[in-house]
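K.L.:
This is what each chain is made of:
2 protein chains.
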Amino acid sequence: MDEVVGKIVDNKQIIFKGYIEGVPKESDMELRLGNKIKLEAPKGSAAFLVKNLYLSCDPYMRTRMRDFHASYIPPFLPASVVQGFGVFKVIDSDNPNLKPGDIVSGFTGWEEYSLLHDTEQLRKVEADNDIPLSYYIGLLGMPGFTAYAGFYEVCAPKRNERVFVSAASGAVGQLVGQLAKLHGCYVVGSAGSNQKVDLLKNKLGFDEAFNYKEEPDLDAALKKYFPEGIDIYFENVGGSMLDAVLLNMRIHGRIAVCGMVSQTGIGAPDQQGIRNLLSIVPKRVKMQGFLQSDYLHLFGRFVEEVGSLYKEGKITYLEDMNEGLESGPAAFAGLFTGKNVGKQVICVSRA
Amino acid sequence: MDEVVGKIVDNKQIIFKGYIEGVPKESDMELRLGNKIKLEAPKGSAAFLVKNLYLSCDPYMRTRMRDFHASYIPPFLPASVVQGFGVFKVIDSDNPNLKPGDIVSGFTGWEEYSLLHDTEQLRKVEADNDIPLSYYIGLLGMPGFTAYAGFYEVCAPKRNERVFVSAASGAVGQLVGQLAKLHGCYVVGSAGSNQKVDLLKNKLGFDEAFNYKEEPDLDAALKKYFPEGIDIYFENVGGSMLDAVLLNMRIHGRIAVCGMVSQTGIGAPDQQGIRNLLSIVPKRVKMQGFLQSDYLHLFGRFVEEVGSLYKEGKITYLEDMNEGLESGPAAFAGLFTGKNVGKQVICVSRA
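In order, the protein sequence lines correspond to chains R and U.
Numbering that gives the first Met the number 0 puts the first residue of the first sequence at 0, with every later residue one more than the last.
Numbering that gives the first Met the number 0 puts the first residue of the second sequence at 0, with every later residue one more than the last.
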């Protein structure tokens, strides 16, 4: 280890400037230089001092950028360090469960080093040379688990069912589609560029994929790919796509909703409104909002199953790696313009 | 029996004139005189000739008034007799399961006498002097069963949960509220007149009720009656009420949707659109469209349970009885303006 316990070092940070409305922009966050940190976990604090390696850009973080306290997660504090999921290395620890050198995933700060107290969402990462460390905030982290819990627990899939995934090349959607294929389903994904469509079909194994930006009539596009309708819709975008899907659901279909963030504003209500909700009655459709955090009892099984599938080559995972803490604000804002191809990750340090 | 088998008699009918858009009007149907019918079930036909006693006005019938064949039920034929649920008496039968004098509920025509073939949805009514015959198309018929199946099977209620019912004095809503009270829930209903609100509170036993037409801010009204939020919403209306409810659901709340017909157009998409659907994610709300016909295995249990509750005086049921077949078109149109107080029934004949 290069980091000497007790040393005082420079600690670059990404700061959340203040509450926003609408779509996040790069300028909503800024790099702060000049912060110093002592690489030490004070005795009696139960805290631990970590070096951040990989930081996760996730759409849910937008809900923390507004001054709204009744959500399941509190807002960021203006002028404070951005927080999110990360993978980090313990430098010093006053916590009996952690020791220097441990690799851990959990909530951390968008900075080079963090003194952490919260152990609630922490998971030790077992060394495995076949799995990149960054995957523990993607494929094997919250986004992957969202796909796993949402697909198996909320969608309750059956073999040969017809599955549609929006934002299908994203951190969650790409795994949903692959799990659905492994489950024996017919799977179609939508994405916002021809490059992504190509990846869905040729790298991620979707049966079909389309660029929603090139479809003037989403209802017609869905009817083309699902002439007999959709059994399962894994909803990531909301808005006009959801409205078109509602017209194409099959009887007893299921819609799992983990977010509608790519095209519509969280916080701001959907400006256009969903007009075809009525169709859930004759089709007896179930629409279920969910959060992965309700299914954490399954997390161990998830890591084992999906980790094995990955190592067997049966699952692949696309990451969009951004180099350096400085890349954070642009990487985060890029989530909302569809700039990222795959899971958006910030690499602060590789070790 | 006054009706002599084999006699040819006048048969007044209510005719569906042709496909409509928007809200049904009285003029969409008309009385037809001059039809004659022979009071006889032809040998070898397996048919049965019935005298119609009570006919049911139900919101779902609007879905049959448009030229749309992909629904769960086909459209009416223009210039043909309106069809719907009814209670009727068998005059003559070539069907081995039915004999003259039997009282039966099921699909029939809006006319004085009908020659029926379909035995799929028929149920014999067991003579019970304590239960009005008309209740077999209301409390103990499709609307009552919609309430029963929707509340118990879709909403999965728990004691002490907070239940909101819209269109609460209607054929379905009034039973949902009473079942919820018997289940130990806190129950609030909304309706469209002060008379209905009074009935909900003072006759049907709701904890609270309000006139949505007198509430300029539905969100504020719901927050007043549900300061801790809503666990279960039995959805009958859609539109702005649903949008307000979505803002007030509790975590893991359930919304059972059997129709959104009172305020919004079936067939026509909701003009305004639902804007707060996003809130189902942080609240993990399940929204489930359903049809009572998926739960028919429970029908026997339903009739026994709800029939007993009624006879024990634990449940009451409001009917809006319209005298004479001629009253049909206005009675049906009245459903969509909130004119009816309770279950809308047409009495063709009392015996």
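Derived by calculation from the structure, the hints in this document are not laboratory data.
Careful: at least some of the hints might be erroneous.
To give an idea of the chain R side of the interface with chain U (calculated C-beta under 10 Å), a few residues [claimed, not checked]: (1) L241; (2) L297; (3) F298; (4) F301.
Straight-line C-alpha distance at most 25 Å; calculated SDA-like pairs for lysine to any residue [unchecked claim]: (5) R:K157 to U:D293; (6) R:K24 to U:P156; (7) U:K98 to U:R65; (8) R:K338 to R:H296.
Calculated from the model, a selection of chain U residues having no Cβ within reach of chain R, i.e. all distances over 12 Å [to be verified]: (9) P23; (10) P215; (11) I250; (12) I254; (13) R274; (14) R283; (15) T315.
Here a beta-carbon is modelled for each residue, glycine too, at the ideal position from N, C-alpha and C.
K.L.:
A separate judgement is required for each hint: does it hold in the structure or not?
P.N.:
Against the structure, the hints:
1. L241: Constraint on L241 of chain R satisfied, holds at 8 Å.
2. L297: This interface hint is violated because 15 Å lies over the 10 Å limit.
3. F298: 17 Å, violated
4. F301: 18 Å, violated
5. R:K157 to U:D293: Holds - the C-alpha atoms of D293 of chain U and K157 of chain R are around 19 Å apart, at most 25 Å.
6. R:K24 to U:P156: 44 Å, violated
7. U:K98 to U:R65: Violated: K98 of chain U and R65 of chain U sit about 36 Å apart, past 25 Å.
8. R:K338 to R:H296: 34 Å, violated
9. P23: For P23 of chain U, whose nearest Cβ neighbour in chain R is about 16 Å away, the distance exceeds 12 Å, so it holds.
10. P215: The assertion about P215 of chain U holds, with a minimum of 19 Å to chain R.
11. I250: About 8 Å separates I250 of chain U from the closest Cβ of chain R, which leaves it inside 12 Å; violated.
12. I254: 9 Å, violated
13. R274: 4 Å, violated
14. R283: 5 Å, violated
15. T315: 27 Å, holds
The structure fails hints 2, 3, 4, 6, 7, 8, 11, 12, 13 and 14 (numbered hints given earlier, in ascending order).
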